[in-house]
Amino acid sequence: MKILAMTILIKDGRVIDPANKIDGIYDILVENKRISKVARDIDTQADDIIDATDKIVMPGIVDMHVHLREPGREDKETVASATKAALRGGVTSLLAMPNTQPAIDCPENAQLLKSIIDKTAKANVFICASITRERLGRELTDTAKLKKIGAVAISDDGSSVDNDELLLQALKKAREQDILVISHCEDKSISARGVVNLGIVSTRLGLRGIPGESEYKRVQRDLQLAEKAGARIHIAHISCKESVELIAKAKKKGIKVTAEVTPHHFSLSEEAVLGFDTNMKMNPPLRNKQDVEALKAGLEKGIIDVIASDHAPHTENEKEIEFERAEFGVIGLETELAVGITELVKTGLLAWPDLVEKMCLNPAKILGINKGTLGEGSDADIIVVSPNKEWIVKKEELVSKSKNSAFLGKKLTGVIEYTICNGKISYQNTSSL
Amino acid sequence: MPVAWTRKDLLGLEDLSKEEIELLLATAESFKEVSTREIKKVPALRGKTVVNLFYEPSTRTRVSFEIAAKRLSADVINIATETSSVRKGETLIDTGKNIEALKVDIIVVRHNYSGAAAMLGRHVKASVINAGDGWHEHPTQALLDIFTLKEKLGRIAGLNVSIVGDIAHSRVARSNIWGLTKLGAKVIVCAPQMLIPLAIEQMGVEVTSDIDEALSNADAVNVLRMQFERDEENAFPKQLEYFKDFGITQERLEQAKKDIIVMHPGPLNRGVEIASDVADGANSVILEQVTNGIAVRMAALFLVAQANENISHDNID
Numbered sequence: 018m019k020i021l022a023m024t025i026l027i028k029d030g031r032v033i034d035p036a037n038k039i040d041g042i043y044d045i046l047v048e049n050k051r052i053s054k055v056a057r058d059i060d061t062q063a064d065d066i067i068d069a070t071d072k073i074v075m076p077g078i079v080d081m082h083v084h085l086r087e088p089g090r091e092d093k094e095t096v097a098s099a100t101k102a103a104l105r106g107g108v109t110s111l112l113a114m115p116n117t118q119p120a121i122d123c124p125e126n127a128q129l130l131k132s133i134i135d136k137t138a139k140a141n142v143f144i145c146a147s148i149t150r151e152r153l154g155r156e157l158t159d160t161a162k163l164k165k166i167g168a169v170a171i172s173d174d175g176s177s178v179d180n181d182e183l184l185l186q187a188l189k190k191a192r193e194q195d196i197l198v199i200s201h202c203e204d205k206s207i208s209a210r211g212v213v214n215l216g217i218v219s220t221r222l223g224l225r226g227i228p229g230e231s232e233y234k235r236v237q238r239d240l241q242l243a244e245k246a247g248a249r250i251h252i253a254h255i256s257c258k259e260s261v262e263l264i265a266k267a268k269k270k271g272i273k274v275t276a277e278v279t280p281h282h283f284s285l286s287e288e289a290v291l292g293f294d295t296n297m298k299m300n301p302p303l304r305n306k307q308d309v310e311a312l313k314a315g316l317e318k319g320i321i322d323v324i325a326s327d328h329a330p331h332t333e334n335e336k337e338i339e340f341e342r343a344e345f346g347v348i349g350l351e352t353e354l355a356v357g358i359t360e361l362v363k364t365g366l367l368a369w370p371d372l373v374e375k376m377c378l379n380p381a382k383i384l385g386i387n388k389g390t391l392g393e394g395s396d397a398d399i400i401v402v403s404p405n406k407e408w409i410v411k412k413e414e415l416v417s418k419s420k421n422s423a424f425l426g427k428k429l430t431g432v433i434e435y436t437i438c439n440g441k442i443s444y445q446n447t448s449s450l
Numbered sequence: 029m030p031v032a033w034t035r036k037d038l039l040g041l042e043d044l045s046k047e048e049i050e051l052l053l054a055t056a057e058s059f060k061e062v063s064t065r066e067i068k069k070v071p072a073l074r075g076k077t078v079v080n081l082f083y084e085p086s087t088r089t090r091v092s093f094e095i096a097a098k099r100l101s102a103d104v105i106n107i108a109t110e111t112s113s114v115r116k117g118e119t120l121i122d123t124g125k126n127i128e129a130l131k132v133d134i135i136v137v138r139h140n141y142s143g144a145a146a147m148l149g150r151h152v153k154a155s156v157i158n159a160g161d162g163w164h165e166h167p168t169q170a171l172l173d174i175f176t177l178k179e180k181l182g183r184i185a186g187l188n189v190s191i192v193g194d195i196a197h198s199r200v201a202r203s204n205i206w207g208l209t210k211l212g213a214k215v216i217v218c219a220p221q222m223l224i225p226l227a228i229e230q231m232g233v234e235v236t237s238d239i240d241e242a243l244s245n246a247d248a249v250n251v252l253r254m255q256f257e258r259d260e261e262n263a264f265p266k267q268l269e270y271f272k273d274f275g276i277t278q279e280r281l282e283q284a285k286k287d288i289i290v291m292h293p294g295p296l297n298r299g300v301e302i303a304s305d306v307a308d309g310a311n312s313v314i315l316e317q318v319t320n321g322i323a324v325r326m327a328a329l330f331l332v333a334q335a336n337e338n339i340s341h342d343n344i345d
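In order, the protein sequence lines correspond to chains A and B. Using our numbering, you'd call the opening residue of the first sequence number 18 and step up by one each time. Using our numbering, you'd call the opening residue of the second sequence number 29 and step up by one each time.
If you are wondering where the hints come from, they were derived from the structure by calculation, not from laboratory data. In this text, all values refer to a predicted model and were calculated from it rather than measured experimentally. Note that CB positions come from ideal geometry on N, CA and C, so glycine has one too. Check each hint, because a few of them may be wrong.
[What the hints assert, rightly or not] Estimated spans, in silico, between C-beta atoms of each pair:
#1 Glu241/B x Lys428/A: 46 to 56 Å
#2 Arg57/A x His341/B: 58 to 68 Å
#3 Lys363/A x Asp273/B: 53 to 63 Å
#4 Glu241/B x Glu91/A: 58 to 68 Å
#5 Lys273/A x Ile339/B: 51 to 61 Å
#6 Glu310/A x Leu226/B: 11 to 21 Å
[To be verified] Interface residues of chain B toward chain A, partial, derived using beta-carbon atoms under 7 Å:
#7 Ser142
#8 Trp163
#9 Pro225
#10 Gly294
#11 Leu296
With the hints as constraints, model all of the structure from the sequences given.
Listed below in C-alpha cells is the structure:
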C-alpha cells in the first residue's frame, strides 16, 4: 500500500542552513518526506502552505543528550512523552542516553529500546549504548553488535569510567568501529556527596560543594586517553572554565575532541540555587559567573561545538523534597532553543547561523547522522520559529511528563510555530492562533 | 520602631534587614520581663497552637521554644522523629500538611537538612520558625547571642566578635555572621583550616586559624561546640589537639581584653573547646544566654503569628 505523500510549502522565511551556507529569504518545498526544493518564489500547489514571513526557518534541532527514562522509569518520562515534548521544543532528532533500567548495554536491551522507539516515538530517536556493562566501569560492552542494532555512540553517562586502561581500550575499539565515545567527566572521589558548586553559595547555604576539579581533572585524563587511542571523543555537559581551556588546547594540538554545553550551564550561575530551589540542582552543578562567562566565550570561539539539553526528567516526589535528597537534573527539550536565542543570539554573542550550527548541524556531524541540514534531498526535519516573540515558561504548559525545569516562570524569547518531522507537520503552536 | 514585621516565617537572618533584626531584639526585650513575674504568663498567643517538629535530638532548643510558647499562653505539642510517622517514610511536606490540618498556627522545625525549614514554609500556611536546618541557619540562637551581647555591652555596632570552632558545619556560625555584620559588628571566624568553608570572607568576615589573634582585640568570643559525633568526613582534629590549639582557656583570656564576653550555644564539651574554669568564670554569659533564649523565642513566635494573620496565602503550594 502506498502512503499518500504530503507536500508542504514554507513561504518567505529567513532560511538558515549552515551546511549549505544559506542564510536568506527562501521558500522550501517538502515532498515525499524530503526537502525537494529550496529556492526563491516557488510557485506550486501544496497540501499545506506555511507563511513564514518574518520567521526563521531552520533544520530541526538535533539534541545529542536526552534521558528518555524508558525502559524502567516510565513514571518520569517515556519515549512517547519525551518525543512529544521534543517536537514542542523544535527537536526532531535526539540521542537517547543509556542509563535506563536496564541499561542499554547488550544487543537484547538495545533491541528492546529500538522496538519501543519504533512503536511509540514521535520524533527521530538515535541510540547511545553504554561503554561498560550495567555502566559499572568493569567490563566493556560489545560495541560492534550494538552498532549493528543502531547505536551511534557509546557513553556511561551519569558515571565516568574510572579505570584508565578500560577507557583506553574502549576508545581504541570505538575508533576501529567508528563509533563516538561520549564522556561524562566526573571524578566521584572528588565530587563525593556534594550537591552544589563549591564556593560562596555552598558556604552560604550550608551544603556540600562540588569543585570544578572533579570535572576538569577527568576532562584532562579523557583527552590524554583519546589522544593515545587516536580516537574521537565528545565531552558531555561541560560546566567550568578549566574544562573549556583544556578542550581549547586539545583542539589546537589536533586531538579529535568535541564538546557540549547545556542551556542551563551557560545561562544560570550558582546564585540561582540560593533559596534551595531543587530545580537548580543538577550534575554538574551550576557554576560561578566566571565559569558561565567562559562557557559563553567557548561557544563564541567555537571551542564548544554543541548545545544539548541533558533533558533529565524526575517526578515531583523526587524533586519536591529536601535539597540534599532531591535528584540531580532538569528537563530541557522544550526550552533549549528559546534559552539559546535569549541568552546567545539576542545578546549578540552568536549570530543565528552559529546557533543553528551548534544545535543542528554540529551534533548531526559528530554523531554521523544524516540530519541537521535543509539541503535538497535531505530528510524534511524543519522548524519555523518566531524569533522575537516572548513567552513565559509555565509548568502546566510543559508537555514532558516531568516538570522539573530550571526555567519555570522565566520569560524567554523565541517561539517554535511549526515543527515538521519526517515531512509531516508534527507540532503547531496553537497559542498564537 | 518604624519597621513592621510582615513575614509569615522566620527562616534565617540572611533574609532579614537590620531593622527587622532590631525589631526582633526590641520585642524580645519587652518580653524578657514576663519571665521575672510571679505568674510568668501573658495572653499574647492564647488560643494559638505551636508544634515543635524536631527531626534531630535537641533538648535545650526544644524546651526553650516550649517554655516561650507557654509563657505566651499558646498550646504546645512536641513531635520527635522517633515517635512519628516520619520513620514510616512520610515526607516533610506531607508531615507539615498533616500538622496544618490539625489547625496548628506555628511549626517550629529542627531538621538535619539545610533548607528544610524554607521548603516547609513554602508549603504550609502555618508560620514556620527555623530551629536549625543542617549547616545552614539557626536564627533564634544567633538572636539570643546578639541579644545577650547587646544587653552586656549596650550596643552591637563597632564590636569585635570572634566565632571560634567548626565554622564549616555550623548553622550557629552562619546565623551569627549574618546578624552581627548586619548590625555593624566586625566578625572574625577562627578554626583549623579544614573547618573554614570556602569563600566565607565574602560573607563579610575575617578569617584566621590563630586563636590568639582571634582573641587579641575581641569584645566577645562565641565558642562553638565541636560536634565530634557528626564528623562524617573525618575532617576534625583530635579532641586533645583541638583543645591545645583552639580551646578557650584562662591563660588565653588573660591575653585578651579584660571584660571579654565568653558565649557558648551549648551543650558544652568541657576541656574540648572550652576550659571548665572559663565556662564557669566571670567572663562567661552562657547561662544568661539560656535565659535570654526564652525572650527571643517569645518574640519570634509572637511576631510571626501576628504577621500571619495579616497576609495572603496565595503563593503557598
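Now for the hints, and whether the structure bears them out:
1. Glu241/B x Lys428/A: 46 to 56 Å: Holds, since glutamate 241/B and lysine 428/A (Cβ atoms, about 50 Å apart) stay within the stated range.
2. Arg57/A x His341/B: 58 to 68 Å: Between arginine 57/A and histidine 341/B, where Cβ atoms are some 59 Å apart, the hint holds.
3. Lys363/A x Asp273/B: 53 to 63 Å: Given range 53 to 63 Å: holds, Cβ gap about 55 Å.
4. Glu241/B x Glu91/A: 58 to 68 Å: Roughly 60 Å apart at Cβ, these two residues keep to the hinted range, so it holds.
5. Lys273/A x Ile339/B: 51 to 61 Å: holds (60 Å)
6. Glu310/A x Leu226/B: 11 to 21 Å: holds (20 Å)
7. Ser142: holds (4 Å)
8. Trp163: holds (3 Å)
9. Pro225: holds (4 Å)
10. Gly294: It is violated, given that the least Cβ distance between glycine 294/B and chain A is near 20 Å, above 7 Å.
11. Leu296: Hint on leucine 296/B: violated, closest Cβ of chain A at ~23 Å, above 7 Å.
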